[in-house]
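Asker: Now for the letters of each chain:
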Amino acid sequence: MLKVDKKDPSSVGVVETKYFTFAQEDGGMPLQCGERLGPITIAYETYGKPNAEKSNAILILHALSGDAHAAGIHPGLDNPGWWDEMVGPGKAFDTDRFFIICSNVIGGCKGSTGPSSINPKTGQPYALDFPFVTIADMVNAQCHLVNYLGIDQLLCVAGGSMGGMQVLQWVASYPERVRSAIPIATTLKHSPQQIAFNEAARQAIMADPAWSNGDYYAYGQPEKGLSVARMIGHITFMSIDSMEKKFSRRLKNGTLSFSFEADFEVEGYLRYRGANFVKRFDANSYLYLTKAIDYFDLSGGKLIPPDKKISTKFLIISFKSDWLYPSQQSQEIVRILKRRHVDVTYCELSSTYGHDAFLVETGEQTNLIRHFLNNVYEERF
Amino acid sequence: MEMGETKKLNLDHFIIFSIVRPRTRVLDLGCGNGDLLYALAREKQVRAQGIELNEQAIQACVAKGLNVIHGDIESSLKEYPEDSFDYVILNQSMQQVRNVDWVIDESLRIAKEVIVGFPNFAHIKSRMKLFFSGRFPVTESLPYRWYDTPNLRFLSIKDFEDFCYRKNILITQAHYLGKRKKVHFLPNVLACDAILVLRESKEAENLKEESKEDLCGSIQRR
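Going down the list, the sequences are from chains W and R. Just so you know, our numbering puts 334 at position 334 of the first sequence, and the rest follows in order with no gaps. Take any residue in the second sequence, count from 1 to its spot, add 381: that is its number in our numbering.
None of these hints come from the bench; they were simulated from the model. Check before you lean on any hint, since a few could be wrong.
[Stated by the list, open to error] Below, in silico cross-link-like pairs of lysine-lysine (DSBU-like), each with a Cα-Cα straight-line distance of 30 Å or less:
1. W:Lys309 x R:Lys425
2. W:Lys308 x W:Lys189
3. W:Lys309 x W:Lys246
4. W:Lys18 x W:Lys54
5. R:Lys510 x R:Lys459
6. R:Lys425 x R:Lys583
7. R:Lys562 x W:Lys320
8. W:Lys308 x R:Lys425
9. W:Lys308 x R:Lys459
10. R:Lys548 x R:Lys459
11. R:Lys493 x W:Lys308
12. R:Lys459 x W:Lys189
13. W:Lys302 x R:Lys539
14. R:Lys459 x R:Lys389
15. R:Lys583 x R:Lys389
16. W:Lys18 x W:Lys252
17. R:Lys506 x R:Lys563
18. R:Lys459 x W:Lys309
19. R:Lys539 x R:Lys493
20. W:Lys279 x W:Lys246
21. W:Lys320 x W:Lys189
22. W:Lys309 x R:Lys539
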């Protein structure tokens with residue numbers, strides 16, 4: 001990750017994560033699975049200022065392993081937020097013009113209520129007693145936050161990958177509250193291939209004896225399983241070209257070891273990524289969130305009900321080398337919007353970074369998003 | 382209408398701009414940088430949608446505030462329901478599609494009128510060059526060599542008129558363009574480009590209406 005200069009005029013500077021708790025009464029917020037969850041805490045950050053009418057609010061939604069920290073730096077730390085190149089003064093999501101909100105999903109482990117949170121009934125972490133949450137539940141929870149912040153209508157909801165699913169779900173659940181939507185590198189539903197990768201990741205976690213049926217919080221988490229799960233993820237985030245460029249068949253120590261040490265740079269990279277991930281992410285959250293992604297399905301008229309007309313404007317972005325969420329899946333969303341006469345702009349950006357492109361290929365994305373947002377904000381056409 | 386904006390348009394864009402009625406729905410297949418759609422959206426309040434293959438051109442359209450979809454003409458036409466638009470514009474793009482017949486049919490299916498603009502291969506300069514030099518003609522409106530042309534079809538104005546006659550398509554307006562102004566005399570010889578407005582013939586429209594009524598009837602009967 002890049003280091004942020006504290007005086008960098010294009011950075012939002014030092015920011016703090018805030019917390020909002022709701023659903024303390026009536027047994028909590030109803031979930032799609034039939035259970036209720038409460039109280040619910042949502043971790044969130046905001047950048048920029050709301051205008052007098054509160055008509056400039058944009059909700060940014062993170063991907064599987066993301067968090068509320070999209071931009072700027074935390075006090076005493078150097079690492080910027082996960083979309084720092086896109087969020088800030090003069091950037092794609094311009095904090096001089098817009099009020100940006102980024103919230104951590106429920107089911108996660110970055111400050112929002114999830115399986116590692118304390119279950120008020122037992123005083124112990126929820127573990128597998130945590131109810132199954134869906135993308136729709138995440139969006140319902142975000143809606144409570146948006147209400148709490150006093151925003152009637154969001155100028156835009158935007159996000160990539162699982163964040164893009166939440167964008168689509170926002171349109172399906174609350175179309176009248178979303179003026180524009182930017183789903184990036186995402187899909188209306190997971191293909192069997194995508195479910196398969198998630199299942200392999202889940203099996204890696206659950207095969208680790210340290211997982212202990214999810215009840216590991218007193219002993220430490222299944223690091224081996226979680227790191228393998230993350231390795232699978234990283235393979236799917238890159239493209240054949242980006243891996244060739246980044247690693248080729250280069251050796252770590254110049255010669256073959258004739259052992260099962262990491263000989264190739266790519267092996268070292270995966271091990272490093274896996275080992276780092278277990279320090280910052282909860283294995284049960286990985287299980288719950290990948291399941292939520294697999295359950296997500298807005299195909300077949302569920303994005304826009306047949307009797308409904310929506311006025312949300314869309315900007316859809318995909319990346320040529322992204323084989324995890326291939327462009328055909330974005331084009332399927334475009335197809336539905338065309339049939340329903342919804343205003344849509346779609347662009348497949350040429351990038352070699354694979355699925356990672358939505359995080360790193362910021363130049364072309366910035367142009368598209370900045371112009372699109374200004375047009376929606378100024379209601380040009 | 383602010384003349385300032387429309388004056389900047391090329392002659393072909395200006396003619397198409399003049400054809401399109403205000404506050405209509407327009408689909409521009411191969412909209413390029415979006416100059417024409419921008420003028421239409423701004424001056425005539427049309428609801429504009431563009432289709433374009435080139436990434437830079439898409440960026441330019443988005444900068445103008447236009448809705449544009451990245452894609453090729455053939456696959457882009459498919460998903461639109463019938464009568465989605467008042468106009469489909471196929472300006473300088475028809476000659477670059479493989480399945481012209483199908484593209485025209487689909488365009489007429491999804492729009493009331495189709496505006497087609499194409500270079501005239503039978504222009505006097507092409508004829509002379511081919512006749513005297515015996516080589517593939519390179520002219521202002523067809524500036525490519527045989528090996529680098531994006532065009533797949535080479536047609537004259539008469540060819541296209543024959544095509545429409547055979548397919549029972551009405552040509553409701555015809556505009557013939559010279560280098561800088563319109564041509565009114567011997568268009569198939571003197572015009573570099575033609576812009577034609579197409580419509581389904583009355584019989585075809587009636588057939589469509591009948592089939593719709595049939596469908597309604599059968600739904601009601603059910």
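Asker: Against this structure, judge whether each hint is valid.
Answerer: Here's how the hints hold up against the structure:
Proposed proximity of lysine 309 (chain W) and lysine 425 (chain R) is supported: the alpha carbons are some 24 Å apart, at most 30 Å. With a CA separation close to 21 Å, the supplied pair lysine 308 (chain W) and lysine 189 (chain W) stays within the 30 Å bound. Straight-line distance between C-alpha atoms of lysine 309 (chain W) and lysine 246 (chain W) comes to about 47 Å, which puts the hinted pair past the 30 Å bound. The suggested pairing of lysine 18 (chain W) with lysine 54 (chain W) holds, with an alpha-carbon distance near 19 Å, which does not exceed 30 Å.
Annotation: proposed proximity of lysine 510 (chain R) to lysine 459 (chain R) is violated, straight-line Cα distance about 40 Å (limit 30 Å). Taking the CA atoms of lysine 425 (chain R) and lysine 583 (chain R), the gap is about 28 Å. The hint holds against a cut of 30 Å. Using a Cα cut-off of 30 Å, the hinted pair lysine 562 (chain R) and lysine 320 (chain W) is violated, with the two alpha carbons roughly 43 Å apart. Taking the CA atoms of lysine 308 (chain W) and lysine 425 (chain R), the gap is near 28 Å; set against the 30 Å cutoff, the hint holds.
The straight-line distance between the Cα atoms of lysine 308 (chain W) and lysine 459 (chain R) is roughly 22 Å, inside the 30 Å bound, and the hint therefore holds. As the CA atoms of lysine 548 (chain R) and lysine 459 (chain R) are separated by approximately 20 Å, the hinted pair is consistent with the 30 Å bound. With a C-alpha separation of about 25 Å, the suggested pairing of lysine 493 (chain R) with lysine 308 (chain W) holds against the 30 Å cut-off. Our distance criterion of 30 Å between C-alpha atoms is met by lysine 459 (chain R) and lysine 189 (chain W), whose separation comes to about 22 Å.
A C-alpha spacing of about 49 Å is found between lysine 302 (chain W) and lysine 539 (chain R), which places the hinted pair above 30 Å, so the restraint is violated. With a C-alpha separation of about 33 Å, the suggested pairing of lysine 459 (chain R) with lysine 389 (chain R) is violated against the 30 Å cut-off. Between lysine 583 (chain R) and lysine 389 (chain R) the alpha-carbon distance is near 37 Å, which puts this suggested pair outside the 30 Å criterion. Straight-line distance between C-alpha atoms of lysine 18 (chain W) and lysine 252 (chain W) comes to about 42 Å, which puts the hinted pair past the 30 Å bound.
Distance hint between lysine 506 (chain R) and lysine 563 (chain R) is fulfilled; the C-alpha atoms sit about 17 Å from each other, no more than 30 Å. Annotation: proposed proximity of lysine 459 (chain R) to lysine 309 (chain W) holds, straight-line Cα distance about 21 Å (limit 30 Å). Taking the CA atoms of lysine 539 (chain R) and lysine 493 (chain R), the gap is about 23 Å. The hint holds against a cut of 30 Å. Restraint check for lysine 279 (chain W) and lysine 246 (chain W): satisfied, since their Cα atoms lie roughly 24 Å apart, inside the 30 Å limit.
Of the pairs offered as hints, the one joining lysine 320 (chain W) and lysine 189 (chain W) holds, with about 19 Å between alpha carbons and a cut-off of 30 Å not exceeded. Distance check on the hinted pair: lysine 309 (chain W) and lysine 539 (chain R) sit about 44 Å apart at the alpha-carbon level, beyond 30 Å; violated.
When each numbered hint is compared with the structure, violations occur for hints 3, 5, 7, 13, 14, 15, 16 and 22.
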